[in-house]
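Peer 1: Turn these sequences into a full structure, and let the hints steer you where they fit.
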Amino acid sequence: MFFNPAILALVGVNALVSGLLLLAAGFALQVLRYWDLASGSERQLRLERRTYLISTILGLLLVAESLSLWLFVHTAESLHSQFVGAMCATGVLNQNPWGWPTLFLKLGVFAAGALWLVLNWLDQQGYDYPLVRVKYAWLLPILPLVLVEGWSQLEFFLALDPEVITSCCGALFSSQSQGLAAEVAGLEPRTSLVALVVSGGLVMVLAGVVARRGRGALWLAAVAAVALILALIALVSSLAVYIYEHPQHHCPFCLLKSQYHFIGYALYLPLLVGAVAALAAGLVSLWRQIPSLEAAVASAIRRFARLAWLGFGLFYGLAILIIVRSHLSLLE
Amino acid sequence: MIQLIEITKVYNQGRPNELWALRGIDLSLEANRIAVIQGPSGSGKTSLLSIIGCLSRPTSGRVLLHGKLLSGLPERFLTQVRRHTFGFIFQQFHLIRGIRLVENLMLPAYPLGPDYAGLKAKARGLLERFGLAGKEDSPVEWLSGGERQRAAICRALINDPEILIADEPTANLDSRLTAEFMGLVADLKAEGKTLILSSHDPRVAQHQAVDRVIRMGDGLLVED
Chain A
1 MFFNPAILAL
11 VGVNALVSGL
21 LLLAAGFALQ
31 VLRYWDLASG
41 SERQLRLERR
51 TYLISTILGL
61 LLVAESLSLW
71 LFVHTAESLH
81 SQFVGAMCAT
91 GVLNQNPWGW
101 PTLFLKLGVF
111 AAGALWLVLN
121 WLDQQGYDYP
131 LVRVKYAWLL
141 PILPLVLVEG
151 WSQLEFFLAL
161 DPEVITSCCG
171 ALFSSQSQGL
181 AAEVAGLEPR
191 TSLVALVVSG
201 GLVMVLAGVV
211 ARRGRGALWL
221 AAVAAVALIL
231 ALIALVSSLA
241 VYIYEHPQHH
251 CPFCLLKSQY
261 HFIGYALYLP
271 LLVGAVAALA
281 AGLVSLWRQI
291 PSLEAAVASA
301 IRRFARLAWL
311 GFGLFYGLAI
321 LIIVRSHLSL
331 LE
Chain B
333 MIQLIEITKV
343 YNQGRPNELW
353 ALRGIDLSLE
363 ANRIAVIQGP
373 SGSGKTSLLS
383 IIGCLSRPTS
393 GRVLLHGKLL
403 SGLPERFLTQ
413 VRRHTFGFIF
423 QQFHLIRGIR
433 LVENLMLPAY
443 PLGPDYAGLK
453 AKARGLLERF
463 GLAGKEDSPV
473 EWLSGGERQR
483 AAICRALIND
493 PEILIADEPT
503 ANLDSRLTAE
513 FMGLVADLKA
523 EGKTLILSSH
533 DPRVAQHQAV
543 DRVIRMGDGL
553 LVED
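Chains as they are written, first to last, in my numbering: chain A, 1 to 332; chain B, 333 to 556.
None of these hints come from the bench; they were simulated from the model.
On a predicted model such as this, the values are computed, not experimentally measured, just so you know.
Among these hints, one or two may not hold up.
Only part of the chain B face toward chain A is listed, based on derived beta-carbon distances under 7 Å [said to hold, decoys possible]: (1) T391; (2) S392; (3) G393; (4) R394; (5) G404; (6) L405; (7) F409.
C-beta atoms are modelled at their ideal positions from N, C-alpha and C, and glycine is treated no differently.
Peer 2: Shown next as structure tokens:
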């Protein structure tokens, strides 16, 4: 099982990212301790030269690490046929205690890595390395996150055992079960859909306003974070039911199957891109006071707000299409 | 205008063939002047010019332009400054063989994305001004030594730089062409340009238009 190409790719990417992040962390400590743009010392000039190399490599690696979230989900989904009781990725993630923590850690690395990439990009827009300390300080908590994620992922893949019977989405995402997933699945569709419409309307209007006026980016980030959570709740509680056309089927992973035309990817990808873009707009707005970044921040806020509008818009548009075209009716 | 603070340049640092080209240079260069850097081969003239012109970075020390830090700029900003502020005339001219003279002139302007017709008119204007009218469609290998040198000056001026840097510009020229070159340099100074030349040639250093002669030896300034 371990010698599955996708598993080897996931473990390999994590090993590579972890190794280079360890090296980069040493460099980050040097930057935090010695960076002084006013100095012309040999050490300062060496730090200036190396920051190009290290930030370029880190940028590529964090993109790969972020993409590995999608490969992990796809791999978990594709492995389900090898386990008794597994119908989708949920069953595979339930196979041993490492599955879900690995998924959540990967989501954390995705968000942290995406925000580091935004910081790195913004830093490179200023002529005086305005965020060099911030971006290398932000790298330090990413390192343990990636290391723990890699360890958890390795444990998960090594502990996968075809002899162990697993429970799947029917048990986990059922209103009769216990836990957060069951509670979300048991939520009234009307409640979750109203929350989806209200949060969706708010985030779309705010993204439009920020894209046009360049103000209110922090509000957009906060509303987008809430909208993301409500969208995920609505996905489990009601949208999934419309897609499967089965009132008791709430699984957020079966959406990734070919029999549902891989619609999960079309829902999750724009939703996550939209949310990250909105958070990025809020993040970059924190540095609008730095003179060398003033113009770059103003244009970046508008650009990220447009991307957030597009991402959320695609998600909500598809959600409306799903409800309209479904043969199931949940609301009278 | 340009200020160099404790500039050192070391090649192959930490290796057996380590070479200290510059050893702590402090220098200020004024605007609208002609400065000539003199010194024997290996004295650090070319290293100094390449650092002033942002073609390379020092090992330590800082370069300031109009009081603003230049040598510490991130690469993309440094490239912008280099394109807009400096024009280069190399010893071997480095004209590109196989393409027409006018295209050679226009090449340094392409990354700035100017209007093509306007750029071509500007290149033609420069060729006319420097006595190369009628040669614009000639491949550069057809040009004489003097014509190549004037073509190199035209190319250095295509982005209308504030500062012209010339490394041994008269090394391959006879007395007549050297005098002609120095005449053109004096004209450029009269237009407000700043010129920094490196040269072994006493005819360059002794020219009446030259404001300042800086002598180098073993990576140090020995006389100013």
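Peer 1: For each hint, tell me whether it holds in the structure or not.
Peer 2: Checked hints:
1. T391: Holds, about 6 Å.
2. S392: B:S392 check passes; min Cβ-Cβ to chain A is 4 Å, inside 7 Å.
3. G393: This interface hint holds because 5 Å falls under the 7 Å limit.
4. R394: holds, 4 Å
5. G404: Holds, about 6 Å.
6. L405: For B:L405, the interface hint holds, since the closest Cβ of chain A sits about 6 Å away, which is under 7 Å.
7. F409: At about 4 Å, which falls below the 7 Å cut-off, the nearest Cβ of chain A leaves the hint on B:F409 intact, so it holds.
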